[in-house]
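The listed protein sequences correspond, in order, to chains E and D.
In terms of full-length UniProt numbering, the first sequence is residues 1 to 687.
In terms of full-length UniProt numbering, the second sequence is residues 1 to 687.
A couple of the hints might just be wrong.
Same chains, same label: a pair holds when it works inside one copy or across any pair of copies.
Unchecked claim - With a Cα cut of at most 25 Å, we get these calculated DSS-like pairs of lysine-lysine: (1) K138 x K626; (2) K64 x K628; (3) K549 x K218; (4) K596 x K628; (5) K552 x K455; (6) K549 x K628; (7) K455 x K549; (8) K368 x K493; (9) K586 x K493; (10) K586 x K455; (11) K370 x K455; (12) K586 x K138; (13) K621 x K218; (14) K64 x K596; (15) K493 x K455; (16) K552 x K432; (17) K365 x K432; (18) K455 x K626; (19) K599 x K493; (20) K211 x K365; (21) K370 x K549.
Derived from the structure by calculation, the hints contain no laboratory data.
Protein chains: 2
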Amino acid sequence: MFGLVLGVLFATTATVVSSSPPPHPLDPLSPVELTAVRSAVLASPLVPDRPINFHYVGLDEPDKGDVLSHAYSSHGRQPTLPRRAFVVARAGGQTHELRVDVSNASAATVLSHNVHHGAGFPRFTVDEQVAAALLPYKYPPFLESVRRHGLDVGDVTCGLFPSGWFGGGGGTAKPTRARLAKLQCFVTTAASVNLDARPVEGITLVVDLDKMAIVGYKDRVVVPVPQAEGTDYRAETVGPPFNGPAVAPGVVVQPHGTGVHIDGRIVRWANWEFHVGFDMRSSTIISLASVHDADAGRRRQVLYRGFVSEIFVPYMDPEEEWYFHTFMDAGEYGIGVSSLPLQPGSDCPANAVFMDAYHTGADGKPVKAKNVICVFERYAGEVAWRHTEATLPGPMITEVRPDVTLVVRTVVSAGNYDYIFDWEFKTVGSIKCVVSLSGILEMKATSYTHVDQIKEDTHGTLLAANTVGVYHDHFITYHLDLDVDGTNNSFLKNTINRMRNTGNPATGGANTPRKSYWTVNREVAEREEDGQINVNGAPAELLFVNPGKTTKVGNEVGYRLIPAGATATSLLSDDDYPQRRASYTKKQVWVTPYNKSEKWVTGLYAEQSTGDDNLAAWSRKNRSIKDKDIVLWYTVGLHHIPYQEDFPVMPTVSSTFELRPSNFFERNPLIRMRPPNANSPNCSCHV
Amino acid sequence: MFGLVLGVLFATTATVVSSSPPPHPLDPLSPVELTAVRSAVLASPLVPDRPINFHYVGLDEPDKGDVLSHAYSSHGRQPTLPRRAFVVARAGGQTHELRVDVSNASAATVLSHNVHHGAGFPRFTVDEQVAAALLPYKYPPFLESVRRHGLDVGDVTCGLFPSGWFGGGGGTAKPTRARLAKLQCFVTTAASVNLDARPVEGITLVVDLDKMAIVGYKDRVVVPVPQAEGTDYRAETVGPPFNGPAVAPGVVVQPHGTGVHIDGRIVRWANWEFHVGFDMRSSTIISLASVHDADAGRRRQVLYRGFVSEIFVPYMDPEEEWYFHTFMDAGEYGIGVSSLPLQPGSDCPANAVFMDAYHTGADGKPVKAKNVICVFERYAGEVAWRHTEATLPGPMITEVRPDVTLVVRTVVSAGNYDYIFDWEFKTVGSIKCVVSLSGILEMKATSYTHVDQIKEDTHGTLLAANTVGVYHDHFITYHLDLDVDGTNNSFLKNTINRMRNTGNPATGGANTPRKSYWTVNREVAEREEDGQINVNGAPAELLFVNPGKTTKVGNEVGYRLIPAGATATSLLSDDDYPQRRASYTKKQVWVTPYNKSEKWVTGLYAEQSTGDDNLAAWSRKNRSIKDKDIVLWYTVGLHHIPYQEDFPVMPTVSSTFELRPSNFFERNPLIRMRPPNANSPNCSCHV
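Construct the complete structure from the given sequences, taking the supplied hints into account.
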């Protein structure tokens with residue numbers, strides 16, 4: 001997929017020109033580097049057509065072995081690694097892939113070039129989304145429809161929707177290779193900015209994005225646009241009075257200052273160290289996460305690279321205006337591009353620090369994304385461990401260690417939805433991923449004003465008069481390149497199985513009246529098909545272990561995956577087009593051998609993808625995954641039945657999973673955590 | 001079960017003698033009332049035998065209708081309701097049940113008396129646990145064994161274990177009716193107070209609790225006691241140095257003071273109001289939880305009464321010393337009695353307020369349990385709702401409402417385990433229950449020092465030399481008497497089912513290339529068997545709805561149950577004795593018609609219970625549950641495979657479920673929450 005490597009020599013890597021310290025090998029491309037990439041591409045004879053639109057520019061990270069050497073070599077000079085960009089650009093109706101060396105930003109060099117001939121297209125640029133959304137205003141049949149629907153064209157806003165793939169090219173039945181997308185429109189007025197609550201139901205336009213022209217149009221049915229009243233969510237329009245629930249304001253104060261130390265994009269906190277990257281497509285990337293083992297006196301590897309690879313959101317209405325609503329937010333829009341500034345004091349608490357990022361416009365120029373990541377210590381009143389011993393003579397023993405965690409947060413506003421992504425690091429060694437959903441539902445206009453009127457399937461919930469919140473799913477897939485205490489790991493499925501008490505000690509039984517118990521059977525995954533797990537099946541614990549490393553008593557060191565709800569799998573039929581594109585969504589867990597190019601669960605080109613380049617397609621090779629550098633793919637899944645509380649803006653719903661050390665440490669790593677200096681008469685924790 | 005009502009007239013209820021305000025009808029019995037109850041029982045000719053041991057004394061709450069009238073009658077004088085106690089006492093080898101009226105504490109009256117003739121016994125008193133634990137020191141065969149095991153009797157501590165029920169009476173094969181329990185012993189020295197880590201494996205004693213004498217003894221095998229080193233968890237013994245993970249201290253400051261208003265045991269906070277009760281058996285009880293609906297301008301009922309009904313913990317080792325380890329902590333010990341003082345600043349944050357409680361000793365005298373409940377506003381940096389709208393012309397719109405919640409916390413130290421129980425109230429209308437497990441594992445001594453030596457099933461994980469953490473389950477069952485906007489509710493199972501696109505609008509299809517989608521099928525539970533659900537089965541949403549109340553657009557008002565992991569069900573075979581006693585553990589969800597006597601999921605007499613009086617037994621009547629006052633029973637279930645990190649004290653593992661309004665409100669109840677006065681340049685939330 002990364003195509004033909006041209007006979008261009010690598011630029012030497014010793015000539016980084018910068019007034020600031022040299023970047024970390026996994027730092028996102030800086031504005032200087034992005035500018036250099038753009039210049040190199042524009043200057044290259046390999047892409048003669050104009051205009052050139054930059055759909056993706058991201059770090060082409062150095063080889064993993066080199067990065068690991070850089071990060072964990074304890075002595076000697078760290079090697080200087082090349083700085084390279086991977087670019088996907090459209091020009092002359094073709095998709096170009098380029099690798100550009102920017103080790104020397106004043107002499108950036110195109111290393112390779114390839115024209116993509118397979119299925120699918122890169123993400124929409126913001127510029128073309130804007131340009132396309134303006135086309136209807138100059139399209140007479142649309143203007144006529146707007147009048148027919150009784151609307152003022154000045155109140156109508158349109159948005160670009162991917163057409164999906166339904167057996168041909170461009171979302172049609174014909175196997176064309178055009179970049180066809182759809183436009184649908186909404187009413188907004190001063191009374192309400194909630195466009196999703198006020199769809200102009202029945203109208204769909206088809207746009208050819210390369211020609212930037214409307215090539216299809218349908219005004220199928222007139223449905224009343226829901227009223228504006230009650231749909232807005234801005235404080236200035238809904239109140240005063242603010243008679244909703246009132247809580248006392250509260251602020252976390254850290255009397256001895258912060259415990260977070262940030263050096264460039266390296267974060268050090270408590271026993272953790274990791275790098276915070278960023279990408280146009282995947283947003284925040286956590287890399288090189290390692291945990292200090294106080295007993296062993298050394299840092300130990302946990303996660304080489306973790307990020308959200310895709311958010312797949314299929315809607316469950318087969319109607320003309322809805323059947324193609326099968327979004328792949330990362331691949332079709334870019335969730336990095338959709339990561340917008342966080343609000344200090346409300347998106348993140350007062351003790352948060354913020355980080356910026358950069359992506360590129362269609363013209364290839366860097367775009368600053370300010371405050372898109374925040375990092376804060378979370379004081380949620382939790383307990384790390386405790387015990388009260390009341391059974392011994394003498395004073396009661398009570399030992400409690402309060403829990404503080406570190407959160408790295410990004411908010412992705414993927415159109416109507418807002419996803420709050422937290423990477424939460426725990427002193428116990430866990431990484432907890434939290435995804436919280438808020439924002440606005442996609443709503444469908446209907447003539448119904450009361451559920452008693454409804455006779456057939458409306459494919460959603462009547463939320464308000466003339467307003468249906470359409471059923472849909474969310475499948476959020478994490479790429480988790482775990483390296484548990486080293487790169488070579490195995491994936492274990494430890495099944496929990498009922499046993500009958502045989503009475504025979506040789507088979508684990510005993511001569512007692514107990515009839516049954518359970519035990520654990522260890523299954524090592526040999527090949528990819530062994531690593532594909534539906535976690536809603538028979539009980540099992542799923543671990544990444546390092547078969548080359550054991551504890552003193554001989555347990556393999558490991559981390560285990562702990563799902564915690566939100567384990568829905570796709571209910572679409574296997575032959576349905578959206579399901580073919582996201583065929584990995586029938587199992588929450590997949591394990592693959594590490595392959596640098598396998599980052600995007602929906603493939604490099606998710607827009608109009610056909611499923612020929614996704615996680616399930618790669619895994620059909622059924623490669624060996626035992627004692628190898630392996631990657632965990634985990635999908636958080638939710639079936640979303642809307643309720644009236646989700647209107648006009650949704651209260652947050654959160655889902656989590658945890659990666660937890662499991663025989664990784666010799667013992668509870670918090671046993672030697674300093675106790676709080678509590679002044680309680682019952683506290684035996686004074687020292 | 002509550003037996004013969006004697007011909008004693010109810011004391012008049014207008015003569016409450018108290019210098020403090022009259023108690024709330026659901027307030028736990030006060031020390032004055034408990035003392036009066038004791039006097040009345042001791043003075044009663046109905047229980048002539050001596051001594052009388054009080055195993056349970058709790059509030060016999062007024063009839064639900066009366067309590068509801070008291071709580072929700074908006075005008076006129078609140079009725080004064082009787083104050084009554086329910087007592088279970090042992091005397092003369094019999095289990096006595098008494099109801100005592102203490103409306104006039106200076107003239108308490110026994111209202112009814114019954115002798116229990118069925119299976120099972122009340123919980124162990126603390127006094128008899130202490131007395132029994134001392135018996136081995138005067139039992140020569142035990143002293144001889146201690147020598148044979150190479151131990152110093154001064155280092156040995158014994159504890160009382162329920163013998164369970166295995167087909168007869170008293171945990172033996174004989175159908176006796178003796179209160180037989182078991183004693184097992186542990187080594188503690190100055191070097192380590194971690195008794196669970198140092199079992200004297202192989203020795204089991206049987207004690208007759210009524211005779212308070214050892215009636216059985218077995219010293220089956222000598223196994224090395226694990227060494228003390230590395231087992232202690234007290235700060236004073238493990239450090240300094242405290243070289244574990246160090247975090248910056250942090251304190252929540254509330255510049256405008258607390259938002260919590262406590263009046264007696266009524267807590268008012270934000271849009272919530274509820275009563276915090278307490279019981280010897282179930283610990284904290286949340287009652288009369290209602291939420292203010294700002295749009296409707298009124299308080300609306302949500303939860304009449306919620307509490308932890310049982311914690312069932314079966315171990316998975318069939319051996320002689322382990323097969324009967326099938327604990328029912330509430331029924332056998334009392335988790336209220338096991339609720340110990342919380343540590344300010346570590347068990348609960350600095351902004352917490354504390355509440356006391358009372359239970360009774362075996363002599364019936366009140367015992368103060370100080371600081372056993374804390375209430376605090378939780379500032380965890382979460383977001384209640386947000387949206388950034390970037391698709392409209394003009395400045396970007398960002399509206400964010402930070403989330404603050406209210407936590408009511410209790411910690412139950414059930415012997416080795418510490419359960420942190422949180423009731424978390426959310427402004428969105430949710431009640432989230434969180435159970436966090438910490439404390440000490442039950443460990444088994446073994447001759448193994450390395451996993452390579454192990455050939456057969458050890459029924460656990462080798463955690464350290466000579467130490468196996470034994471496999472076990474936790475089943476924590478909540479009694480949740482939801483009254484969604486009134487007492488009469490129905491239970492809905494809304495199944496999520498795949499549909500094939502027929503192309504026919506009459507059946508919900510459409511003439512589009514989409515082949516499949518899902519829809520929701522509503523199933524109203526008619527009878528109890530319809531309300532027994534394994535939540536790991538086919539996807540469905542489970543709701544309590546009020547069929548008599550709809551929103552303006554006609555949706556039934558409801559609350560839904562959202563499990564979030566920890567949905568394990570029991571793997572024991574149906575014919576196994578522990579499973580018969582806890583036969584409800586194969587489904588997480590049960591729904592029963594309200595019945596005041598059905599509080600205890602393992603029956604009123606859990607100790608040596610046989611399963612004839614538990615949730616499953618009651619539900620065999622298969623009563624109607626449609627449009628009735630119904631109760632939800634939800635069991636949080638975990639299979640616990642120990643890992644080395646759980647040694648010598650376990651880092652907290654948390655599990656949650658949520659009761660969330662679902663078409664209960666007309667819209668998002670937080671839409672009119674006051675926005676934060678943020679000073680961000682990107683914030684459009686100033687007003």
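Homo-oligomer pair classification [K455, K586; C-alpha up to 25 Å]
This pair counts as neither: shortest intra-copy Cα distance 32 Å, inter-copy 38 Å.
Within a copy, between copies, both or neither: where do K552 and K432 come within 25 Å Cα-Cα?
neither (27 Å within a copy, 40 Å between copies)
Check K552 against K455 for me: Cα-Cα at most 25 Å, and say if that holds within a copy, between copies, both or neither.
between (67 Å within a copy, 18 Å between copies)
K549 and K218: within-copy, between-copy, both or neither at 25 Å Cα
Result: close neither inside a copy nor across copies, 63 Å intra and 41 Å inter.
Using 25 Å as the alpha carbon limit, work out where K64 and K628 are close: within a copy, between copies, both or neither.
Classified as within; 14 Å inside a copy, 62 Å across copies.
Within, between, both or neither, where K586 and K138 count as close if Cα-Cα is 25 Å or less
neither (43 Å within a copy, 64 Å between copies)
Should K549 paired with K628 be assigned to within, between, both, or neither, using CA atoms and 25 Å as the limit?
Classified as within; 13 Å inside a copy, 59 Å across copies.
At 25 Å max between alpha carbons, let me know whether K599 reaches K493 within a copy, between copies, both or neither.
within (24 Å within a copy, 39 Å between copies)
Reference check for the pair K596 and K628, CA-CA at most 25 Å: within, between, both, or neither?
So K596 and K628 pass the 25 Å test inside one copy only (14 Å; across, 59 Å).
Within a copy, between copies, both or neither: where do K455 and K549 come within 25 Å Cα-Cα?
between (63 Å within a copy, 21 Å between copies)
Measure nothing new, just compare the shortest in-copy and cross-copy C-alpha distances for K455 and K626 to 25 Å and report within, between, both or neither.
Cα proximity of K455 and K626: across copies only (24 Å, versus 54 Å in one copy).
Status of K365 relative to K211 across identical chains (alpha carbons, at most 25 Å):
within (23 Å within a copy, 88 Å between copies)
Checked against the numbered hints above, the structure breaks hints 1, 3, 8, 10, 11, 12, 13, 16, 17 and 21 and satisfies the rest.
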